[in-house]
Amino acid sequence: MFKKLYQFLKKFRAGKTISDDLHEKNRNILEKIYIFSIVFGIFGLVYTNFTPSGLTKMTLFYYSYYYFAGIIGLILCCTNSGKYTPGAFALISFYAIYIFFVANKSLIESLVFFLGFALVIEILLNLNPLVYVSCLLFSEVLLFALILLNVIHGRDEVKGITLANLMLVNIIAVYLAFWKRGIILRKYYTESQIEAERKKSEGLLLNVLPQNIVEQLQKSGKAEPEIYENVTVLFCEFLNFKDLSSVFEPEVLVNELNCIYDLFDEIVEKNCCLRIKTFGEIYMTVCGLPLENSLHAEHIMDCAEEFLATVKKRNESSEVKFEVKLGVSSGSVIAGIVGIKKYIYDVFGDTVNIAFRMKTLCSSMKIKVSPETYELVGSKYDFVKRTPIEVKGKGLMETYDCE
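Under my numbering, think of the first position of the sequence shown as 443, with each following residue one higher.
Hints are not guaranteed to be accurate.
DSS-like, lysine-lysine: derived pairs with alpha carbons at most 27 angstroms apart [stated by the list, open to error]: (1) Lys755 with Lys719; (2) Lys808 with Lys755; (3) Lys684 with Lys755; (4) Lys712 with Lys783; (5) Lys684 with Lys763; (6) Lys754 with Lys712; (7) Lys664 with Lys642; (8) Lys642 with Lys719; (9) Lys525 with Lys474; (10) Lys763 with Lys642; (11) Lys664 with Lys783; (12) Lys783 with Lys661.
Derived by calculation from the structure, the hints in this document are not laboratory data.
The whole structure should be built from the sequences, with the hints applied where relevant.
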């Protein structure tokens with residue numbers, strides 16, 4: 443029985459993150475309650491002062507208490523007083539007023555005030571239901587015990603209170619406490635699941651789209667194409683992939699290619715570049731977008747050299763011996779999303795075409811760059827000028843191989 447009760451109560455226990463958030467919300471609500479208490483106390487003092495009976499000792503104490511309790515509570519809320527302090531002070535203040543009612547009013551009036559105020563507290567604040575119910579029942583048991591022992595007045599009135607009615611009110615209060623906590627926890631769990639799925643979706647988008655494009659899509663549902671004037675493009679092709687496919691199992695070959703692509707991704711990120719796509723045995727990356735980078739050509743050349751070094755090192759320990767060739771060109775490009783149902787971020791323009799031509803004309807395990815890239819980084823790397831060659835759509839073009 444106790445085990446089942448424990449399991450039932452365990453369902454209403456909030457985790458640390460939820461608990462901290464609830465305490466913060468309670469603090470904000472308590473600030474408003476304390477402000478109301480201050481205003482109520484001032485209004486009561488002023489209003490009562492102008493009534494025919496004027497301020498009596500009892501009304502002076504009553505409204506002054508609201509005022510000073512509100513001041514102290516507001517100070518606790520606005521200072522680093524601990525997450526439980528403002529709420530605990532609210533309960534203490536409530537019980538102090540309750541005792542005042544018991545001492546000066548009839549028992550029926552006191553109980554109505556107590557239960558009404560208790561329900562208001564439960565509605566406004568996000569309290570632990572077990573703590574709330576314990577305080578509620580303890581207060582009532584203590585009150586009736588003191589009355590029956592003639593410590594306080596009200597013994598005659600107890601006889602007139604229908605026990606069934608009192609139990610009904612308490613059952614409603616208890617049910618409300620657990621019902622509200624259940625709704626709050628379900629809300630938090632649902633929101634956390636939604637947030638987790640949102641982050642997961644955003645993470646998947648960031649794998650294929652730049653951060654600024656993802657933000658544009660989230661805000662407006664679309665992303666306009668942009669022109670970037672200073673960009674360097676790199677293509678890396680695995681030459682002997684088809685030959686190796688006749689020697690190795692597809693799974694072995696693809697796994698090896700994936701491992702190299704993962705290493706390429708690390709190199710790209712380290713050098714402030716952006717992987718655009720991989721199609722088959724070709725890897726494409728750029729530098730200079732979406733954020734401008736004055737060293738775009740240098741970063742891409744560093745990537746290209748590290749790509750070559752990675753493949754060579756991998757070939758020393760792997761049965762799969764890949765050969766690659768790389769083409770690089772610099773200039774302006776147009777970048778944007780292609781597709782409606784399936785988003786693909788891509789770049790277009792002469793710079794892309796020339797980089798692809800450089801890759802096509804390159805020898806195995808070499809890096810070939812266009813004149814535009816050479817002008818930017820020619821003095822920083824060891825280049826060998828090649829005889830002008832025919833480039834489709836461009837005529838004769840000088841090219842440079844990086845040794």
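Each hint tested on the structure:
1. Lys755 with Lys719: holds, 24 angstroms
2. Lys808 with Lys755: holds, 15 angstroms
3. Lys684 with Lys755: The given pair, whose Cα atoms are some 21 angstroms apart, holds under the 27 angstroms limit.
4. Lys712 with Lys783: violated, 32 angstroms
5. Lys684 with Lys763: holds, 12 angstroms
6. Lys754 with Lys712: Status holds; Cα separation ~19 angstroms.
7. Lys664 with Lys642: With Cα atoms ~20 angstroms apart, Lys664 and Lys642 stay inside 27 angstroms; holds.
8. Lys642 with Lys719: With Cα atoms ~20 angstroms apart, Lys642 and Lys719 stay inside 27 angstroms; holds.
9. Lys525 with Lys474: holds, 16 angstroms
10. Lys763 with Lys642: Given that 27 angstroms is the threshold and the Cα spacing comes to 36 angstroms, the pair is violated.
11. Lys664 with Lys783: Between Lys664 and Lys783 the Cα gap is close to 12 angstroms, so the pair holds against 27 angstroms.
12. Lys783 with Lys661: Holds, at roughly 18 angstroms.
Checked against the numbered hints listed earlier, the structure breaks hints 4, 10; every other hint is satisfied.
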